[in-house]
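J.: Heads up: the protein sequence lines correspond to chains H and F, in order. Residue 108 in this note's numbering sits at position 123 of the first sequence, and the numbers go up by one each step. Residue 343 in this note's numbering sits at position 228 of the second sequence, and the numbers go up by one each step.
Derived from the structure by calculation, the hints contain no laboratory data. The reader is advised that the hints may include incorrect statements.
Here are some, though not all, of the chain H residues that point toward chain F, as calculated from beta-carbon distances under 10 Å [claimed, not checked]:
#1 K44
#2 S59
#3 Y84
#4 V86
#5 G88
#6 S89
#7 R118
#8 A132
#9 K133
The calculated DSS-like cross-link candidates involving lysine-lysine, where the alpha carbons are at most 27 Å apart (straight line), are [unchecked claim]:
#10 H:K136 x F:K390
#11 F:K385 x H:K158
#12 F:K373 x H:K158
#13 H:K53 x F:K250
#14 H:K91 x H:K70
For glycine and all other residues, C-beta sits at the position ideal for the given N, C-alpha and C.
This is what each chain is made of:
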Amino acid sequence: MKKFKTEAVRMKKVLSVLTLTIIAVSFVLVTGCHKKAATRPVETAPPAAKEQPGPVQQKAPEKITEQKVESVASKDMAPSAAEGKEGMFGDILFDYDKYDVRGSYKEELQSVAAWMMKNTSATISIEGHCDERGTNEYNLALGDRRAKSVKDFLISLGVPSSRMETISYGEEKPLCAEQSEDCWAKNRRAHFVMLMKAGK
Amino acid sequence: MQKAKSKIIFFIIVFFIFHSSFSTAAQAKIYIDITSPSSKKLPIAIYDLQGPLGKEISEIIREDLTFTGLFMYIDKASYIEGPAQAFNLQNWTPLGIEAVVKGSVSGERNLTVMINLYDTLGVRPILSKQYQTEKDLLRQLAHTIANDIYQTLTGTPGIFRTRIAFVAEDDGDKGISLMDWDGERVRKLGLKGKLVLPPHWTSDGSKIIYSSERGRQWGLYLLDFSRMTEKRVFVSKGTNMAGDFFPQGDKVIFSSSKEGTPDLFILSLKDLSLKKLTATYGIEVSPSVSPDGNSIAFVSDRGGSPQIYLMRSDGSDTRRVTFEGSYNTSPSWSPKGDRIVFSCRRGKNQICMVKPDGSELVQLTEQGNNEDPSFSPDGRYITFSSDRDRTKGIYIMRANGEGQKRVSPKGLRSAGPRWSPN
C-alpha cells in the first residue's frame, strides 16, 4: 500500500515535469521561429559563385543619391549695430576662473560711476572676456558673469541698470595672443565700450 | 511504467537536439561581435575593384573598415587568387583570411558596381549586390558599399555616410561647415556671424540649431536642410547659447543670461514660448538632452567650480555627476544614454567619459587641449576639437580612445564638431 502510494506520487511528479517541459519546448519553438523571421538576412545570396555579374542578379541595383546641400546666406545679420567708442575707462581684470570684482578696483569703478551720473544720456556696454585656457561655452558664460559682476557693482554705486548692457565674448577676442601668465591676466577682463547710435 | 517514462524523455531530448541545430543553421551569422571589447580583428582581403576608378573605390572601403578597429586589412600583394578568378576557399584559408571583397566597376559618367563578399566557410557570397550612381558621388558610393559590408559582418549599421557639422573660420568671420565623417568634402553653408557656436542636430538630421553673435546680440538660429533656409528663433540681451534639441525636434534647451546670470531655458519651436528651468546666482550652461528626452546633463558652478550635473527635463532632481578635477565642461550623451562624454581639465583640457551615475570615469586623450566631444550615431566613435597640431582642428577617435586622428583639412581653423545622427 505504502509502496503503491509513493509510486503514484512519483508518477505525478514525472507527469508535471513532463508537462512543464513540453510547455517550455513549445515556447522555445514559437519564439525561436519568430526570431528567425526577424533576423533573416535581407540580401538573397545568388546561386553563382563565379565572377560573372549580371544576369543572375535578382534585386534591382541600389541607386546612390545625396540630397544637395546648397549654401544659404545669413540674412539676419547685424541690425544697425551701435558704434562703440573705446578707451574711456581701463579694463577690470579678474582672477583665473573667477568672476568676483577684486577690491582693488573699487576706486576705478567709483570714477566710472561718477562719470555715468554726470553724463546722463550715455549708455555703456560692458564686455566680458576670458583667457584661452577654458572651454569655449563655459568661457562665454564666465565672460557673461564677469560683465554682470561689474554691472552689479556700478548699480550699487547708483548707475541705472537701463544704461548698461552686457555681452560676453568668452575667449574669442583676446587682447594678447601669447601663451603666458602675463598675457592671460590681461585677457581676463571686463571692457567698457561707450555706445552711440549709428549715424549720430 | 518505467519504460514508457524513459521513452518519453528520450523523445524530448531528441526533439531538443534537432530543434536547436535547426535554429542555428537558419540564423544570420555574426562574424564580429562588436559588443565584446576583446574580440579579435577580422582579417579581410579587399581587392581593387576591376575597371576604371576601382582602385579609388576600394581604397575608401579599406579606410572606412580599418578605422573601426574591427578589421585587419590584409595587403593585396599577398593574394594568391587573381582578381578575375573564381573565389576558391583553398586560396584563403592558408592566409588566415576570413572575409574577401571582390567586384567590378563599369561606366564612365554613370557607374555600375558589382560587389561580392565571401566568407571562408563556403563558396557562395554572403553579400552580392549591384550599385549605380554618378561619378560625382564616388565617395558616397564607396561609403555605401562599406556600410553594406560592415552590416553583413557585424549585424549592425555602419556610419560611413554620416557627416560632421562644425564651426570654421571664414574670411575673418566664423561660419558653419559640413564635411563627411572622414573629413572629405568640406562645404561651407554660408551661415556666418562674428562668432558662431557649435551646431546641434535634430535626431532625424533635418535641422541644426546654433548661436551666433551678430550686431552685439547673441541669437539662436535654426537651419532647415530640407528648405535650406535660416531662421532666427530667439534673440535677447545677454548671452544666448544653444543648446540641444529634445528627441521630437519641437523643443530646444539653451543657456541665456537674459534675466541676469546664465540659466537654462526650454524654447518651444511651435509657439516660441519659454520655460525657465534653473535659477541660481552662478553659471548654468551647455545643456545636453539624453536620447530618451528625460534627463539633461549640464555644467554648473554651484559647487564652486564648473562640474557636470544631471537633472530631469522638468528641472527637478538635480545631482552632481563629476567629482574628480576642478573643471569639467561640455557634456554630450552617448546614443544609448549609458555614457556622458565631456571635457575635463587635467593640466590641459582632455576628453573624459563617465557613466551617468558618476562611475567608470576614463580619460581618453592626452595631447594638447581637447574640447567639444560628441558621439557618432552608433556610439562607437567620438569627434572633438584639438589644438595638438597647433592649428585647432577636428579629430575623431574610437570611443575607447584608440585611433585618434585629425580629419579636418590642415590649416583650416575649426572647432565645435557635432556628428550627424544619420
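J.: Confirm or reject each hint.
T.: The hints, checked one at a time:
1. K44: Hint holds; K44 of chain H Cβ to chain F Cβ min 7 Å, cut 10 Å.
2. S59: Constraint on S59 of chain H satisfied, holds at 5 Å.
3. Y84: Constraint on Y84 of chain H satisfied, holds at 8 Å.
4. V86: At 15 Å from the nearest chain F Cβ, V86 of chain H fails the 10 Å test, so the hint is violated.
5. G88: Violated, because the Cβ-Cβ distance from G88 of chain H to chain F comes to roughly 19 Å (cut-off 10 Å).
6. S89: Given a least distance of 22 Å, the restraint on S89 of chain H is violated.
7. R118: holds (8 Å)
8. A132: With Cβ-Cβ at 9 Å, under 10 Å, it holds.
9. K133: Since chain F brings a Cβ to about 6 Å from K133 of chain H, closer than 10 Å, the hint holds.
10. H:K136 x F:K390: holds (26 Å)
11. F:K385 x H:K158: Violated, because 35 Å separates the two Cα atoms, which is more than 27 Å.
12. F:K373 x H:K158: holds (22 Å)
13. H:K53 x F:K250: With a Cα-Cα distance of about 15 Å, the restraint between K53 of chain H and K250 of chain F holds, given a limit of 27 Å.
14. H:K91 x H:K70: holds (23 Å)
The earlier numbered hints that this structure contradicts are 4, 5, 6, 11.
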